[in-house]
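> The primary structure of each chain is shown beneath.
2 protein chains.
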Amino acid sequence: MTNRPNLIVAGAQTGPIQRADTRAHTLDRLIALLEQSAAKGAKLVAFPELPLTTFFPRWYIENTQELDTYYEREMPNPNVQKLFDRARELKVGFYLGYAELTPEGRRFNTSITVGPDGQILGKYRKVHLPGSVEPRAGSRFQQLEKRYFEYGDLGFPAFRGAEDWGRPALGMLICNDRRWPEAWRSYGLQGIELMLIGYNSAAYDPNGGTAENEEIRTFHSTLAVQANAYFNATFAVSVAKAGDEDGSGLIGGSVIVDPNGMILAQAKTLEDEVIVAELDWSKIAQGRGPGKIFDFGFHRRPQHYSRIVNQVGLEEIP
Amino acid sequence: MTNRPNLIVAGAQTGPIQRADTRAHTLDRLIALLEQSAAKGAKLVAFPELPLTTFFPRWYIENTQELDTYYEREMPNPNVQKLFDRARELKVGFYLGYAELTPEGRRFNTSITVGPDGQILGKYRKVHLPGSVEPRAGSRFQQLEKRYFEYGDLGFPAFRGAEDWGRPALGMLICNDRRWPEAWRSYGLQGIELMLIGYNSAAYDPNGGTAENEEIRTFHSTLAVQANAYFNATFAVSVAKAGDEDGSGLIGGSVIVDPNGMILAQAKTLEDEVIVAELDWSKIAQGRGPGKIFDFGFHRRPQHYSRIVNQVGLEEIP
Chain H
1 MTNRPNLIVA GAQTGPIQRA DTRAHTLDRL IALLEQSAAK GAKLVAFPEL PLTTFFPRWY
61 IENTQELDTY YEREMPNPNV QKLFDRAREL KVGFYLGYAE LTPEGRRFNT SITVGPDGQI
121 LGKYRKVHLP GSVEPRAGSR FQQLEKRYFE YGDLGFPAFR GAEDWGRPAL GMLICNDRRW
181 PEAWRSYGLQ GIELMLIGYN SAAYDPNGGT AENEEIRTFH STLAVQANAY FNATFAVSVA
241 KAGDEDGSGL IGGSVIVDPN GMILAQAKTL EDEVIVAELD WSKIAQGRGP GKIFDFGFHR
301 RPQHYSRIVN QVGLEEIP
Chain G
1 MTNRPNLIVA GAQTGPIQRA DTRAHTLDRL IALLEQSAAK GAKLVAFPEL PLTTFFPRWY
61 IENTQELDTY YEREMPNPNV QKLFDRAREL KVGFYLGYAE LTPEGRRFNT SITVGPDGQI
121 LGKYRKVHLP GSVEPRAGSR FQQLEKRYFE YGDLGFPAFR GAEDWGRPAL GMLICNDRRW
181 PEAWRSYGLQ GIELMLIGYN SAAYDPNGGT AENEEIRTFH STLAVQANAY FNATFAVSVA
241 KAGDEDGSGL IGGSVIVDPN GMILAQAKTL EDEVIVAELD WSKIAQGRGP GKIFDFGFHR
301 RPQHYSRIVN QVGLEEIP
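Residue numbers (this note's numbering), protein chains in the order written: chain H, 1 to 318; chain G, 1 to 318.
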């Protein structure tokens, strides 16, 4: 495992993508971010969750035909081919979120990682869907992911990146997943070295409360990535769609984090913005090498963790 | 659950406790911290891990008679009775770590929580023992917890605090446990509202590396508590034994954290120091109330978490 090349990774944060924006216009923005990333030396670029359209789960859309315009029936497809083509020309891979509509009519909040040759290396379907099935009466904005998507059915499948990247073990999460240590550990136990995450996170409590604001929501977003990267001794890149989208605020705060949980790069705006960092895979061993603090085989005690799988919800003690 | 009283909780950080210090002298220091805490209105005081003696696992002690002087054969016992008596007089409860030697000769790194009436409300034995069984050749300081203690055999048992405190669901962890999300979630699924933690954390890499220093070790300590408190929507108090103990550095950084992961109080010294905060139990619902972001029953997907219990160590993908 010596002489592995470092990887320059980019987080391609986007500003808002309005409901009225055309897909062609949005794709051109993603391509511009890809090119900026490549110009900074990046060989892998992470885009946000659902960056091809507005975050449509904020709307209660009863018209199925309209709803279907937000989904991709295959990947790639003519609406995104230009991005795939440009990435292959640049020999740059990417993580891309999208709403997936399968031939069987199933709907998932999905992400893929594409290699520098344009091949899909890994696919993930969001497990931790936030929000609700039914719209909340009286709310201007909804969070209807549980209505528009099924729960991901692929588990947490780690996969290898390109040779050119040092062949790292990669994992993918989407948005709310990053707050769930179970998801990170499921990948950590497979030895992941870089977690790729895209998100759209409201700058207010998406569940109707008034106690949360943009500052605290951004703090939570960063805290979750720093801590879980540390606990699993992995690098992570976590990328926002940010800003005022259709009149609804989205936090920014995209970060690249090292296996110590320390921030290597952080977005400063709520606009289209590229952040990059160079990842040295040898830094992982300090966390989880033999005898180290997160040498799982040496220190974990799963016989005491059974509640985590045997129990779904809270069971309050008497 | 309305009209629950708030609880003022204290973290009673200690400076170093040298190998040469008498137990009577050390106990007087703990009593002084208890009294300072009570004077600030605290009804529950958390002491560090193993605060009755120096952190003896840093020494390779071959003489069993000498080793045994660090353990308590019952709790309370004449060596600590004065602390129990003073606490009952003040109607203050406390969390206390100690090295436990059972009648059967078993040894554990243990903590108890004592109620305002002097009764033991809960007991915990450290599950995540760091360090090694065999001493590391050539190291001035060892980390021999795996030699001197058995792994805790009580799991993660939540329990109720006193009526006077609002009868919160409480959990206990010890030191390295705080870095393991599995431990927190096992308590979180029981609805804990306050996690009590004591620690002795080296100001350098205790596993022999040179990549970690006091700053990064303190950052990790705080990060772990903030993030896991947030993920489980619980308050937490995490208390250090700090400073230069027997020539070996210990980090400080004791903190009290709210269910948002935000710091309510933080120690500023490496000496005996009391921090306090007032806990409002109603703040927990924002995190894990019905339909909220950590409404476990609504959002968790244990069918995808099986690796966490079925697998101990890393299983790298091909």
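Please note: incorrect hints may appear among the correct ones.
Stated by the list, open to error - With a cut-off of at most 35 Å between alpha-carbon atoms, the simulated DSBU-like pairs for lysine-lysine come out as follows: (1) H:Lys268 x G:Lys268; (2) H:Lys123 x H:Lys40; (3) H:Lys283 x G:Lys283; (4) G:Lys283 x H:Lys146; (5) G:Lys40 x H:Lys268; (6) G:Lys283 x G:Lys268.
Read the hints as simulated data drawn from the structure, not as lab findings.
> Starting from the hint list further up, note which numbers the structure goes against and sort them upward.
3 and 5
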